[in-house]
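Asks: One line per chain: the protein sequences are A and B, in this order. So the first sequence is numbered by the working numbering: it starts at 1 and just counts up by one. So the second sequence is numbered by the working numbering: it starts at 1 and just counts up by one.
The hints are simulated quantities; they were obtained by calculation from the structure and are not laboratory data. Just so you know, not all the hints are guaranteed correct.
Some but not every residue of chain B turned toward chain A, in silico, with C-beta under 8 Å [to be verified]:
no.: 1; residue: MET48
no.: 2; residue: GLN106
no.: 3; residue: HIS108
no.: 4; residue: GLN181
no.: 5; residue: GLY187
no.: 6; residue: LEU245
no.: 7; residue: MET249
no.: 8; residue: ASP252
no.: 9; residue: SER294
no.: 10; residue: VAL300
no.: 11; residue: LYS302
A virtual CB, placed ideally from N, CA and C, is assigned to each residue, including glycine.
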Amino acid sequence: MDYTLTFEQYQQGLSRGKFLGLRCEKCGTVTFPSQGVCRDCGGKDLEVTEIKGEGTIRTFTVVRVAPEGMKSPYVVAMVELDEGAWTMGNLVDRNPDEADMSLIGRKVKLGSQVVKSDFTSEEDLRVLTFTLL
Amino acid sequence: MHAVCEFLLVHFHLIDTTKAGTNTRELIFVRNPVIRLQIFLKRKESNMREVAVLGVGMTKFGISEKSNLEMFAEAGLEAITKSNLEPKDMEALFFGNCLGDFEEGQLHMAPFAHAELGLPLSAPATRFEAACATATVAIRHAALLVGAGVYDVVLAGGTERAAKMGTPLATRTFAMACQAQYESMSGLTFPAVFAMAAHMYASKYEIPLQELKRHMAEVSVKNHRHGSMNPKAHFQKEIAVETVLGGMMVADPLQLFDCCPFSDGASAVVVADAAKARDRVKKPVYVAGMGQASAGPLYVQKDLSRVAAREEASRQAYKEAGLGPDDIDVVELHDCFTIAEILAIESLGLFEFGKGYDAATKGETTFKGKVVVNPSGGLKAKGHPIGATGAGQVTEIVEQLRGECGQRQVEGARVGYVDTLGGDFGTVCNIILRS
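All chains, please: the whole structure from these sequences, using the hints.
Replies: Here it is as structure tokens:
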């Protein structure tokens, strides 16, 4: 079976400003990011869909000790999209030192930014960013 | 109903005690005769043999000059010797290691560990990797295959030389246990995962963050106190709440002393058919129940204040053992971060959801408390050589159930619980042991 939406296609979508996920033909659930089957019902009949790109911060942290190759501090957050799926990314418009519990529940808009690849990839990759609405 | 079951059990006992390999002692443990009968019938029906842990072995956890293989050889030989067996008696090696490639440029370590120990050619050596739950998963699979009658005696455990990598590379390679395409590229680290869980916990149960942090610090203080009584612990020094709250911030709200260290170390145990165990060791320890469950990446799990894989793994383990949280005397659980211990005691049913955060502060998880959690010092103080951690936890519980833990002995411990979490809540493996 062909994989419906690959990471490569998702990356191409991000570079065009589109957030690509999957919609299940059977139950209508939006799966984002992509995976082999519908995250809700396990359905295999999936079509590529574009998500709106807005959601709500459910939790966050400020990373002060970064992995090799990254510069701290930066904010990582988990966002519940309006479509119901959850996703991980970087909150980019808040000074890390001012990130506090009041962020939880705030509405955000999705974007993406390029991160330098390390030894695991030859090409730079895009990761999701969040900006407060 | 109870009387009928009791009557039937007595009769089954009379019948079954004449058969080799059937141990009826385990049934005495479960207080409810209806459940006892159910377990007894299930075991008969499934045809699984009873499994025991014989000898256990562990290097000191901490910073080591020895290679992964050298450390594993020490732990493995200790476990085999304490089993009153020889390396040639091992029928298989279930070997855990996570990051040998980054630590030493060494992949495919299992057959080399096999050679270090002089195991026979006929004993296959297989590597297991389940991030921090690696060795527990290896031991569970050893117990499953011994129970199924495939092997009689298996050596299982793991080794890791995490401290050798240094903090930046160790932080990066540990983060490889997060989903690589969609999560870890945002700079996610393991402290960050648990930091997000802590923020979510505070938000969900409406606990002011500073109050939660103070109770989290008490977990660290408690585990350091326990570790001060363990000569094999990475850290053997008591600390104060102020030490934790004054530490460097790693990932808000987790400070340095909320986090376990990167450690070197190895541990191994001999898993065997219980019928043969009684001739080998004075105090065999029996596998009462096991469970393992898998959840996906964090974006699938969503609510990080609950560990879904642990709730399922513990459900399986309690069910197989016919025991519940109230029956547990001592627990070694996955306190890679202070908040992780709070999540674990709740998911294991030892404390109610949203109520476990002040258990350490109230003294409920230390000696003479409700249940002793991490008497070894836990991952926090004993250390966390990820590929070896689970075997270290099994070692502690086995020694507790044998009454061999000296200063940190839990008085009269008869049932012990091993809980190991792998990755960002993706794997949880639980083993209930009894004397």
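Asks: All hints, please: hold or fail.
Replies: Here's how the hints hold up against the structure:
no.	hint	verdict
1	MET48	30 Å, violated
2	GLN106	17 Å, violated
3	HIS108	20 Å, violated
4	GLN181	5 Å, holds
5	GLY187	5 Å, holds
6	LEU245	15 Å, violated
7	MET249	5 Å, holds
8	ASP252	4 Å, holds
9	SER294	14 Å, violated
10	VAL300	6 Å, holds
11	LYS302	5 Å, holds
Checked against the numbered hints given earlier, this structure breaks hints 1, 2, 3, 6, 9; the rest are met.
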